[in-house]
Amino acid sequence: MPFIPHTENDIKEMLQTIGVSRIEDLFDEIPKNLRLSQLRDIGPGMTEMELNKLMQQHAKQDGNMLCFIGAGAYEHHIPAAVWDITSRGEFMTCYTPYQAEASQGTLQLIYEFQTMMANLLDMEIANASLYDGASALGEAILMAARLYPYKKGQPTYKVLMPRTLHPNYRDAAFSIAKHQHITFIDVPYVESTGKINSESLQKLIDDHDDIIALVIPQPNYFGVLDDIDALTQLARDNHLLSIGVVNPLACALLKPPGQWGGEGVDIVCGEGQPLGIPLAAGGPYFGFMCCKKKHLRQMPGRVVGRTIDMNGKPGFVLTLQAREQHIRRAKATSNICTNQGLLVTAATIYMSLLGPAGLRQTALLCHQRTRELCDALTRIPGVNVVFNAPYFHEIVFRLPKSPNEILQALAKNNIQGGVALTDPNLKDCLLMCATETKTSQDIKTLAVHLREILAGEKLVCHA
Amino acid sequence: MSRLIFEESKPGRQAKAQIPTSQLDEKDILADIPEALRRQTPVMLPEVSELQVVRHFTKLSQRNFSIDTQFYPLGSCTMKYNPRGVHRVAMLDGFVNHHPLSLEENSQGFMACAYELQEILKSVTGMKGAALSPMAGAQGEFAGVAMIEAYHRMRGDHARTEILVPDAAHGTNPASAVQCGFKVREIATDANGNVDIEALKANVGPQTAGIMLTNPSTLGVFEEKIEEIAAIIHKAGGLLYYDGANFNAIMGKVRPGDMGFDVIHLNLHKTFATPHGGGGPGSGPVVANERLLPYLPIPRVAKEGDKYRWLTEKDCPDTIGRLSAFMGNAGIILRAYAYVRLLGREGLHRVAEFATLNANYLLARLKALGFTAAFPKRRASHEFIITLKNEAKTLHINALDVAKRLLDYGFHAPTMYFPLLVPECLLIEPTETENKETLDAFVAALVKIMEEAQTEPDLLKGAPYTLPVRRLDEVKAARDLDLVYKGNDETKLGSE
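Protein sequences, first through last, are from chains A and B.
Each residue of the first sequence is one higher than the one before, starting from 1 at the first, in this note's numbering.
Each residue of the second sequence is one higher than the one before, starting from 1 at the first, in this note's numbering.
None of these hints come from the bench; they were simulated from the model.
Please read all numbers here as calculations on a predicted model, not as lab measurements.
Hints may contain errors.
Part of the chain A face toward chain B, derived, beta carbon under 10 Å [what the hints assert, rightly or not]:
id, residue
1, Gln56
2, Asp62
3, Ile308
4, Val383
5, Asn384
6, Leu454
7, Ala455
A virtual CB, placed ideally from N, CA and C, is assigned to each residue, including glycine.
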């Protein structure tokens with residue numbers, strides 16, 4: 001039996017010590033009518049060798065395709081050292097650092113991570129991570145509701161949610177926040193630029209008197225760069241909390257949220273996957289959250305602090321735990337009990353390896369590649385860039401054929417071309433991304449196939 | 001002590017293999033991004049060589065206790081061996097390089113594994129539907145309680161405002177209930193470690209949306225009257241939620257569905273041996289019976305013929321919604337699937353048997369040596385509680401002191417001070433992957449520590465001695481907050 005080390009002798013001795021004759025006797029407190037004799041519908045076990053064969057078959061199916069999809073998960077080069085070290089048993093198989101003295105490795109690492117994230121985003125405080133970017137936004141909204149000065153008689157909180165935000169983020173945030181009398185107000189975008197419509201935004205603020213926060217994504221779902229200074233200022237002028245949603249890699253190149261509108265946003269969150277985490281079919285990733293020092297007490301998630309031990313030597317502990325579920329229970333800032341420790345480990349090593357120069361170079365290369373993608377595809381008749389605005393990382397293209405047909409045809413050529421959009425104004429569009437991992441040859445290959453597909457070459461649909 | 005990576009930093013140093021060789025013309029590349037949107041200040045990240053990074057983090061890892069290096073009997077956490085073979089297959093190229101938004105037809109490999117895991121989880125729990133997307137136990141709890149909320153709301157029953165929770169429950173239970181908009185009402189535990197039935201009857205009514213229970217409970221014992229509890233709650237119109245934290249004790253022996261539970265979350269990072277990673281990632285799939293099926297979170301995998309497809313809001317209009325950007329912790333789902341396939345039906349069946357054997361063996365040995373069990377007349381499940389309240393009185397040492405001294409003996413301490421009900425408690429869960437010699441060594445260490453407590457109690461108070469640091473000043477940590485490194489002289493954020 002895999003991983004159970006007991007010999008027949010061990011079992012005999014142990015049963016004797018306990019004072020029963022069979023293992024089954026140890027379950028005698030469970031009502032007989034509830035007890036199972038065996039597991040149904042589960043196949044027999046296998047050896048590791050057989051498991052390898054099975055899983056290799058499955059993995060091969062999903063193959064190594066040339067990928068131009070972004071939309072919240074980005075393919076970047078991950079140095080070998082990142083996962084070699086992260087996969088060490090001492091990092092992978094330890095638990096939450098509740099026994100601080102026996103977990104100084106993990107605790108110091110998280111302190112270094114908090115420092116790096118705070119620096120990268122130029123914010124005062126960072127936590128030890130949340131589950132993912134989308135749920136982090138949900139938590140940020142709950143935090144905003146706790147922070148907002150309570151107005152007597154106010155039954156609901158409203159949050160301004162731009163239509164430029166990743167739709168899955170909006171949906172997840174809503175699932176998480178909706179039970180706390182929080183509703184979302186949609187903010188439209190300008191059709192020609194893909195940026196938040198500031199006039200509509202101001203009007204919405206004027207028309208509703210129980211709005212507490214504005215969510216500002218940068219880059220937004222379309223890859224477009226918005227006027228974050230003006231938006232942050234607008235939020236401040238109207239006494240709203242501002243919640244930035246950012247790509248951490250992009251912050252090596254773009255103005256970080258701690259500097260938006262001069263004083264920076266109140267809360268930042270986002271997806272940390274670009275920092276050394278593979279695409280991995282969708283997870284595990286990690287959500288990050290930073291905030292202004294004055295909001296710290298309402299921030300969810302773990303936080304590591306530096307202190308000293310009884311000999312005055314520096315050491316690290318989990319701190320401010322009185323916010324968390326294991327202490328406050330029903331009155332906790334969140335029910336969250338995890339941080340994405342393993343992913344934080346990988347991200348910290350990644351950021352250390354790349355350093356400021358490497359991160360900036362990687363971001364520059366991504367932008368260069370996306371520009372190249374743009375040039376190459378807009379040369380194809382019928383392919384146009386939808387939004388007239390600065391962008392980073394990804395672009396929305398309008399195409400003369402159904403996006404799904406195009407994606408399927410590209411897939412036959414071993415290419416994942418991008419993502420079709422659900423926005424009713426963008427039904428004939430694809431969101432496409434080129435990171436530093438795409439070579440000029442890759443982009444040429446994509447362009448050639450796309451050209452063929454649009455020119456009406458055989459679109460073979462295999463059943 | 002280990003220096004911070006920032007203290008190793010030197011301006012101009014780089015891990016050159018990771019930086020592109022071609023000189024990039026920054027001005028040209030950034031020409032289309034307005035000045036006002038660009039970063040003008042430097043990014044304060046460490047500037048170190050690759051060797052420095054490797055050394056720094058390798059040395060940090062050596063300052064951790066872990067399953068791979070120590071016996072880790074942390075109650076309620078199920079610190080069993082995380083199989084390397086399972087980790088290996090989850091890291092296969094085809095999975096690791098796969099974008100979650102790839103076309104369905106190019107995602108069939110992963111989806112097959114996810115679908116099969118859904119089926120397996122349904123089977124071991126006795127339930128009708130499964131959703132794998134919750135990213136941790138607490139998110140699974142949130143999902144389950146949100147499903148109960150949706151159920152009552154869809155029936156038009158708006159009086160159900162309360163969730164019942166035993167006073168011994170894990171903190172995430174009441175926290176999750178509150179996050180779903182419920183009020184929490186605590187139910188007392190009786191002297192035998194069971195939910196007090198009379199207290200339950202007194203607190204149940206038309207305002208009861210449901211109850212959250214763990215079985216075996218956080219006290220390490222099986223809830224003997226579970227069928228009666230289920231009947232009381234169901235009769236009052238409420239539903240039963242099962243916290244799967246202790247599923248390792250009963251997997252293959254009992255199914256929560258048969259006990260009367262309506263919705264369940266499982267902890268893949270406990271029962272299904274996925275790595276704890278220093279605090280995450282976890283994974284908390286939910287499984288539900290017929291009446292709660294419509295509310296399961298999305299996305300989930302469906303099978304049509306021999307093809308797999310994603311179920312979305314369109315297919316499930318009453319779903320509580322999406323909880324994550326993509327489909328949850330995919331890599332963890334793959335590991336759990338691989339684990340289950342490796343063990344198979346006989347291997348899975350043995351898990352609870354040997355987890356329970358190990359726990360009862362440890363309990364019997366410790367009782368024989370004079371330790372006080374919280375529930376001496378009860379069987380241990382996969383874990384049990386020792387209380388040091390007597391030793392606290394007579395020897396003036398407490399559970400914390402014993403836990404810290406255990407670290408010097410090379411064992412990670414058991415869970416301390418949880419559940420809150422039992423004073424000076426240690427919640428001990430050996431798991432099924434530990435051998436008899438390890439258990440005996442653990443017992444021997446505890447005996448030695450008790451001897452030390454008699455002869456020189458101050459020794460315990462000063463423990464641990466053999467780790468990178470001595471006991472840490474947690475009060476100072478909260479008072480003089482230092483959460484972000486600010487450079488050599490100015491390391492404080494200032495007091496709050």
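Status of the hints after comparison with the structure:
{"no.": "1", "hint": "Gln56", "result": "holds (6 Å)"}
{"no.": "2", "hint": "Asp62", "result": "holds (4 Å)"}
{"no.": "3", "hint": "Ile308", "result": "holds (6 Å)"}
{"no.": "4", "hint": "Val383", "result": "violated (19 Å)"}
{"no.": "5", "hint": "Asn384", "result": "violated (17 Å)"}
{"no.": "6", "hint": "Leu454", "result": "violated (18 Å)"}
{"no.": "7", "hint": "Ala455", "result": "violated (22 Å)"}
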